[in-house]
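One line per chain: the protein sequences are Z and L, in this order.
Per our numbering, residue 6 is the first one in the first sequence, and the count goes up by one each step.
Per our numbering, residue 4 is the first one in the second sequence, and the count goes up by one each step.
Please keep in mind that the hints were generated in silico from the structure rather than gathered at the bench.
On a predicted model such as this, the values are computed, not experimentally measured, just so you know.
Among the hints, erroneous ones may be present.
Examples of chain L residues lying across from chain Z (beta carbon under 8 Å, computed) [to be verified]:
| # | residue |
| --- | --- |
| 1 | 27 |
| 2 | 43 |
| 3 | 49 |
Glycine included, C-beta positions come from ideal geometry on N, C-alpha and C.
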Amino acid sequence: MSSAARTATLRDAIGLGVAVGLYGAAFGAAADAAGLNLWQAVSLSALMFTGASQFALVGVLGAGGSALAAAGSALLLGTRNTVYGVRLVPLLKPSGIRRFGTAHWVIDETTAMSLAAPERELSRLAFLATGASIYLMWNAMTVVGALGAASLGGTARAALDSIVPAAFLALLWPRLRKPFPEAGVQRRVAVGGAVVALALTPFVPAGVQVIAAVVAVALAGPPRGSDRPTAAEEMA
Amino acid sequence: MSGTTLWVAVLAASLGCYLLKLAGLSVPAGWVEQPWVARVVDFVPAALLAALVAVQAFTSGRHLVVDARLAGLAVAALALALRAPFIVVLILAGAAGALVHVLA
Numbered sequence: 006m007s008s009a010a011r012t013a014t015l016r017d018a019i020g021l022g023v024a025v026g027l028y029g030a031a032f033g034a035a036a037d038a039a040g041l042n043l044w045q046a047v048s049l050s051a052l053m054f055t056g057a058s059q060f061a062l063v064g065v066l067g068a069g070g071s072a073l074a075a076a077g078s079a080l081l082l083g084t085r086n087t088v089y090g091v092r093l094v095p096l097l098k099p100s101g102i103r104r105f106g107t108a109h110w111v112i113d114e115t116t117a118m119s120l121a122a123p124e125r126e127l128s129r130l131a132f133l134a135t136g137a138s139i140y141l142m143w144n145a146m147t148v149v150g151a152l153g154a155a156s157l158g159g160t161a162r163a164a165l166d167s168i169v170p171a172a173f174l175a176l177l178w179p180r181l182r183k184p185f186p187e188a189g190v191q192r193r194v195a196v197g198g199a200v201v202a203l204a205l206t207p208f209v210p211a212g213v214q215v216i217a218a219v220v221a222v223a224l225a226g227p228p229r230g231s232d233r234p235t236a237a238e239e240m241a
Numbered sequence: 004m005s006g007t008t009l010w011v012a013v014l015a016a017s018l019g020c021y022l023l024k025l026a027g028l029s030v031p032a033g034w035v036e037q038p039w040v041a042r043v044v045d046f047v048p049a050a051l052l053a054a055l056v057a058v059q060a061f062t063s064g065r066h067l068v069v070d071a072r073l074a075g076l077a078v079a080a081l082a083l084a085l086r087a088p089f090i091v092v093l094i095l096a097g098a099a100g101a102l103v104h105v106l107a
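Taking the hints into account, I'd like the entire structure generated from these sequences.
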């Protein structure tokens with residue numbers, strides 16, 4: 006492999022890692038708003054280390070949801086990483102004890118950068134450089150966000166209350182637009198999820214409506230335009 | 004919710020998410036490349052994230068409410084439609100929410 010390709014891979018990986026890691030501040034603030042203390046927020050960033058799941062956990066807790074509903078939401082979003090792992094095995098060939106370390110950094114960004122690397126040997130470099138830079142930035146910025154949010158007054162709290170739903174919308178947005186696969190179906194799924202969640206809110210314990218919305222949309226089968234089999238067909 | 008319950012949720016969900024990652028590197032590819040797994044991975048995030056947007060923006064306990072958060076969300080949607088960077092979206096949403104809070 007050329008040293009120019011190696012340098013370019015490192016530069017791209019670290020650039021992405023720093024940019025994404027900055028968003029850890031939003032997570033730290035959301036965790037504080039949900040009633041988690043600094044150590045709980047940092048534990049999530051250090052141990053769970055998968056952004057969407059972390060946001061889901063504190064989002065459900067912030068809405069007054071149970072620990073079970075919060076953990077369930079986090080795990081549902083965490084299933085993505087299982088599929089990423091399968092795609093990474095041929096590139097990274099993690100063996101023996103190394104597999105346990107590699108697994109911790111299997112997330113959206115490290116997978117994307119590994120798959121995008123021009124050569125097989127660069128995949129591992131891209132994975133490690135992206136993983137290390139995001140891990141460091143994400144955890145450091147979690148501390149900054151949690152401490153910053155904890156010191157806020159009334160008006161700044163109102164700002165934070167508006168930032169949390171905006172953060173979820175920003176996570177959702179790319180899925181609703183091309184070139185994301187089946188963006189039209191994704192939009193209908195999203196509308197369905199939001200409507201079911203709001204409709205159930207007055208009637209079920211907080212947090213349950215989020216899980217129920219996901220289950221309802223899954224059971225409803227794929228909206229028109231999808232060629233996937235319905236849940237009922239799969240069970241048959 | 005007690006501090007202990009919160010810690011259990013944090014640690015148990017973290018362990019579960021790690022095991023989901025480890026499973027991808029450990030099990031035969033055929034186990035994971037099932038239609039129902041693809042379905043969960045492709046469509047559950049949109050339903051879950053949209054449900055969280057709705058609950059975070061329009062509920063308070065068991066009540067549906069419209070408050071300053073609506074302004075923040077509308078501004079965020081506009082900024083996202085205009086392809087603003089993540090951090091700009093969040094700052095604008097926060098500023099809109101704070102402004103409405105001060106005026107209201």
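Here's how the hints hold up against the structure:
The interface hint given for residue 27/L holds, since its Cβ lies 2 Å from the closest Cβ of chain Z, which is under the 8 Å cut-off. Because the smallest distance between the Cβ of residue 43/L and any Cβ of chain Z comes to about 5 Å, under 8 Å, the interface hint for this residue holds. At about 5 Å, the closest approach between the beta carbon of residue 49/L and any beta carbon in chain Z falls short of 8 Å, and the interface hint on this residue holds.
This entry satisfies every hint, going by the numbered hints stated previously.
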